[in-house]
Structures are given as C-alpha cells and as structure tokens.
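Engineer: Sequence:
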Amino acid sequence: MTSHYNIVFVDTPTTLIDCLEDISSPNGTHARDLAIDLEGVNLSRDGRIAIIQIVAKGSTTVWIVDVTTLGQHAFNHCSPNGQSLRGILEDANITKLFFDVRNDSDALYAHFGVEMQNVLDLQLLDVASRRSKNMNVLYVSGLARCIDIHLNGPAGWLETKEAGTRLFSPERGGSYEVFEQRPIDPVILRYSAQDVVLLFRLREVLESKIGRFRTNWMNRVVAASASRVAESMRPTYRPHGYHKAFAQGF
1 MTSHYNIVFV
11 DTPTTLIDCL
21 EDISSPNGTH
31 ARDLAIDLEG
41 VNLSRDGRIA
51 IIQIVAKGST
61 TVWIVDVTTL
71 GQHAFNHCSP
81 NGQSLRGILE
91 DANITKLFFD
101 VRNDSDALYA
111 HFGVEMQNVL
121 DLQLLDVASR
131 RSKNMNVLYV
141 SGLARCIDIH
151 LNGPAGWLET
161 KEAGTRLFSP
171 ERGGSYEVFE
181 QRPIDPVILR
191 YSAQDVVLLF
201 RLREVLESKI
211 GRFRTNWMNR
221 VVAASASRVA
231 ESMRPTYRPH
241 GYHKAFAQGF
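Numbering (UniProt numbering), first residue to last: 1 to 250.
Honestly, the hints are just simulated from the structure, not real lab data.
Check each hint, because a few of them may be wrong.
[Claimed, not checked] Straight-line distance between alpha carbons at most 16 Å, and here's what the computed EDC-like set of lysine to aspartate or glutamate pairs gives:
id, residue 1, residue 2
1, K57, D100
2, K209, E171
3, K161, E171
4, K161, D148
5, K244, E21
6, K161, D185
7, K57, E21
8, K133, E21
9, K57, E204
[Claimed, not checked] Derived CB-CB ranges, DEER-like:
id, residue 1, residue 2, range
10, N219, T12, 36 to 46 Å
11, N6, D185, 32 to 42 Å
12, F213, Q248, 36 to 46 Å
13, N6, R201, 28 to 38 Å
14, M135, T215, 14 to 24 Å
15, N219, P183, 10 to 20 Å
16, G71, H240, 21 to 31 Å
17, D46, R145, 37 to 47 Å
What you are looking at is a predicted structure, and each value in this text was computed from that prediction instead of being measured.
Backbone N, C-alpha and C fix where the C-beta goes; we use that ideal spot for every residue, glycine too.
Using the sequences and the accompanying hints, generate a full structural model.
Structural biologist: Right under this line is the structure:
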C-alpha cells in the first residue's frame, strides 16, 4: 500500500526542516495541498498527541512527525525560509485534507494552541456525495468503510490495518501507548502512513460522485469543515460519545 512512498520519521530539527521544505513551495510563500492525520493516546484535549502524519500532493514522502519527542518544537521550529508546521496548519491559503478533523483539531488546539484553517473534512465530503443524490444521510461513515466502498480496499491495505490495530487496540490486546514507544514499531509506521496517502485519491472519487450543483456542495463542505474546527476549540466540546455518529446538517 505504501510501497510507492518513502516513510520518514521526523524526530530531530534537521529532519523537521527536511519535512517543511518538502511540504512547502520553494520560496516558502505557500505549501501544496496536504493530507494529514494524527495518532496518540486518547487523542483529544484529555489525552496526548504522539505523531502527525503528513504528505503533500505530488510528493512521494510521508512524514511522520514525532510530537512525543519534539513537543512544541514540532510546531514552532522554522526552516531557513521561515516556514513552521504551526504556520502551515494555520495558513488559510493551504488546503488540509483530514478525515473527521474534530478530535485532531481538539488536541492540536488544547495542547499546542494550533488554530487550523482551511480544512477539508472528507468525512463530510462523503456525506455530501450521498446527500447530493437526495439520500437521507443520518450518520457519518468511518474511514475504513469509505476506503472499502470508494477505493475498493486497495491491495495490502486491510492486512496493514489489521497488523497495526492488533498493536494499539485494547480490545485486541494492544495499547495506544504503542504510538509513544521509541523506537517506534515499523508496523505502526506503515499503519500510520497508509491511510494518509489515500486521502487525495478519496477526495477525487468523492468529488466525482457529487451530482448536480458540485460547486455549491463543495462550498457547503468547506463551511461545515470550518464549523467542526471551531466547535472543537470550544470549552463545551465533547470529544467522545455517540453524538459524534450523527451527520450534521449543512
């Protein structure tokens, strides 16, 4: 699944600069569209971020940023052209693809003060692709279901997912602390990288399935994504619960 990508673990200032230079434009004025995911322990304001997975559109490298080791430096350390991960995440001119951004945004804001802008939440794009065909969509789908339905579960994807899940899922005898163990398990690296590399393709497929009024639907998805980010930063946000299964109106 990730055989066409280099997976680079970012745990030093030097590799962090390499990451920033890859995901940024040559002159540092903007970055390419990014696909991003996070892993951690009880990932939310109540837990910890362990790693951030990032791949830029057109790049062949997946960067796994070690937040456990780097802490605030992961977000504040600047490349020679002045670019930082915080600046990229907060840049309104850079599109960031997430799948269900809510707890990722919650954790980033609560622990590091990151206020993300210009997020496109593909979970909401999936809802839009169905509602555009006049379907009554009450619940959101998970990433695994979307990949299985829309991308036909690419070869090796399920095997990598199962191998990783066995290591971190308490129900399978694992522990989420595996994301914080160093050196990081190669199985966890592959698990963490594989979903993020599929987000660009998932976006293309979902957009192609939107019926009439595509521009209108995309504008609604962008607005609903921003609403999710704003909600996640409020004191009243609840990161866990059945309420998160319902598809919001937009």
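Engineer: So, for every hint listed, does it hold in this structure?
Structural biologist: So, going through the hints one by one against the coordinates:
1. K57 to D100: violated (19 Å)
2. K209 to E171: With Cα atoms ~35 Å apart, K209 and E171 exceed 16 Å; violated.
3. K161 to E171: Between K161 and E171 the Cα gap is close to 15 Å, so the pair holds against 16 Å.
4. K161 to D148: Holds, at roughly 12 Å.
5. K244 to E21: violated (36 Å)
6. K161 to D185: Within the cut-off at roughly 14 Å; holds.
7. K57 to E21: Measuring from Cα to Cα gives roughly 13 Å; hence the hint holds.
8. K133 to E21: violated (41 Å)
9. K57 to E204: Between K57 and E204 the Cα gap is close to 12 Å, so the pair holds against 16 Å.
10. N219 to T12: 36 to 46 Å: holds (41 Å)
11. N6 to D185: 32 to 42 Å: Check failed, 18 Å falls outside 32 to 42 Å.
12. F213 to Q248: 36 to 46 Å: For Q248 against F213, whose Cβ atoms are near 19 Å apart, the range 36 to 46 Å is violated.
13. N6 to R201: 28 to 38 Å: violated (18 Å)
14. M135 to T215: 14 to 24 Å: Given a distance of about 20 Å, which is inside 14 to 24 Å, the answer is holds.
15. N219 to P183: 10 to 20 Å: Between N219 and P183, where Cβ atoms are some 44 Å apart, the hint is violated.
16. G71 to H240: 21 to 31 Å: holds (25 Å)
17. D46 to R145: 37 to 47 Å: At 26 Å between Cβs, range violated.
Hint violations for this structure: numbers 1, 2, 5, 8, 11, 12, 13, 15, 17, all remaining hints satisfied.
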